[in-house]
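If you read the protein sequences in the order shown, they are chains A and B.
Heads up: the first sequence begins at 11 in our numbering, then just goes up one per residue.
Heads up: the second sequence begins at 129 in our numbering, then just goes up one per residue.
It should be emphasised that the hints constitute simulated quantities derived from the structure, not laboratory data.
Heads up, a few of these hints could be off.
Here are the computed lysine to aspartate or glutamate pairs in the EDC-like style, where the Cα-Cα straight-line distance is at most 16 Å [what the hints assert, rightly or not]:
#1 A/LYS20 - B/GLU134
#2 A/LYS79 - B/GLU195
#3 B/LYS230 - A/ASP78
#4 B/LYS234 - B/GLU134
#5 B/LYS234 - B/ASP245
#6 B/LYS201 - A/ASP78
#7 B/LYS230 - B/ASP164
#8 B/LYS201 - A/GLU103
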Amino acid sequence: MTDFLVLTEKILEITVLICLAGISIALILLLYRIIAGPTQADRAIALDAMGIDLMGIAGLMSILLITDKLNDVVLLIGILAFLGTLAIAKYLEKGVIIDRDN
Amino acid sequence: MTEITEIIINILTILLLLTGTFLILSAAVGMVRFPDLYTRLHAATKAPTLGIACVLTGAFLFLYVNESIVSGKLLLAIVFILLTSPVAAHMLGRAAHSQGIKPILKHRNDAYQEAIDNKRKMK
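Looking at chain B on its own, in the form it has when it is part of the complex (with noise of 0.2 Å):
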């Protein structure tokens, strides 16, 4: 690998990684200053799945260009948090609204409520 291609794997992986920070940081800032446990729920599943996604991407690159290691676990954990932490946020919400928390709506009606009141109705 020439030297031009290891300069800007890692000026690539210096991105990724601050990137990475940046977003899993914003989410534990949202974590404590939104009011709502939805709120909450959006920024605590969101914003860290492509956050740990960049970091993870960096160390593979890293680990690619200076030990020339393909490593396929990292890989496998980068696609396994992209599908599970959305699966794990519904079970989290849905669990929430059953035990009666209530969203804090200002504009809208509970449209999960009334969906739920429309299947009572039709029995």
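Pulled out of the complex, with its shape left as it was, chain A reads as follows (with noise of 0.2 Å):
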């Protein structure tokens, strides 16, 4: 049983280094999408994508190196990445359209 317990840690070890992977390939495509976006919202759109992303590589990290100092930087970048979507969908509403309602 305990071989079997060291088996399943290393296992969940390789498994955070293919996650890592996989989020960077997912971040590269997502840049892709910044550079190449036709309009300003899809390049907001990936953004917002990005800041979810780098949570999700701060939340890795903390598994593998086995601490909980990083839980404030995943809340930290949650937020972050929420006001600047709100302040840059504000923006694209109000500073360039004319015809308004009210």
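Could you use the hints to bring the two separately framed chains together as a complex?
Written out as structure tokens, the structure is:
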């Protein structure tokens, strides 16, 4: 039984590395959308998704380093990405459109 | 904690991490492949929300088993991302629509535009 426990811990370590690689590929694909996006809103959407992916990388690093010091970072990245997305959305809505109802 | 429980929670953590990574990666592929801003919005804000919830739940379980830490910050981050991601998606979609970006609609009308027009007629 102890051998099996050690085996699952090793598989878990390899899984964390695989997940880091997958999220890195996702970040590269989102970076393509940020550079090539036809409109500003496309870029804003890709930036929002990039913030979410960075939260995942911080969570995976806390598994890899076996520490809980990175949990503050996860929460802070989430809050900052949300506030940034809201600011960009407000700018896109009120800074450009002229024909408002009110 | 007995060994069999640790083994079960390790396997559960592995499954959660792999599911979350698959969701995040498929969302990024959708961001590249989809033709329209609104379909891209659908891809980029729906799947990664569940994916990041899975990854952070895996991290929470791992820290609880190996370090016996109950990390409230991770739980708070999960709740926060589940609450705020739909709000950000709604704001971005409305901003894009008010900027004049037309969706590609084959079988339906632009219902939001119709609602805006009806409101103008009422006034």
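Cross-check of the supplied hints:
1. A distance of roughly 13 Å separates the Cα atoms of A/LYS20 and B/GLU134; the hinted pair therefore holds under the 16 Å criterion.
2. Annotation: proposed proximity of A/LYS79 to B/GLU195 holds, straight-line Cα distance about 12 Å (limit 16 Å).
3. Taking the CA atoms of B/LYS230 and A/ASP78, the gap is near 45 Å; set against the 16 Å cutoff, the hint is violated.
4. Of the pairs offered as hints, the one joining B/LYS234 and B/GLU134 is violated, with about 52 Å between alpha carbons and a cut-off of 16 Å exceeded.
5. In summary, the hint linking B/LYS234 to B/ASP245 is not supported, as the alpha carbons are separated by about 20 Å, beyond the 16 Å threshold.
6. Pair hint B/LYS201 plus A/ASP78 holds up; C-alpha atoms about 9 Å apart against a cutoff of 16 Å.
7. Between B/LYS230 and B/ASP164, the direct Cα distance comes to roughly 9 Å. Compliance with the 16 Å bound is thereby established for this hinted pair.
8. With a C-alpha separation of about 33 Å, the suggested pair B/LYS201 and A/GLU103 falls outside the 16 Å cut-off, and the hint is violated.
In summary, the structure is inconsistent with hints 3, 4, 5, 8 from the numbered list given earlier, while agreeing with the others.
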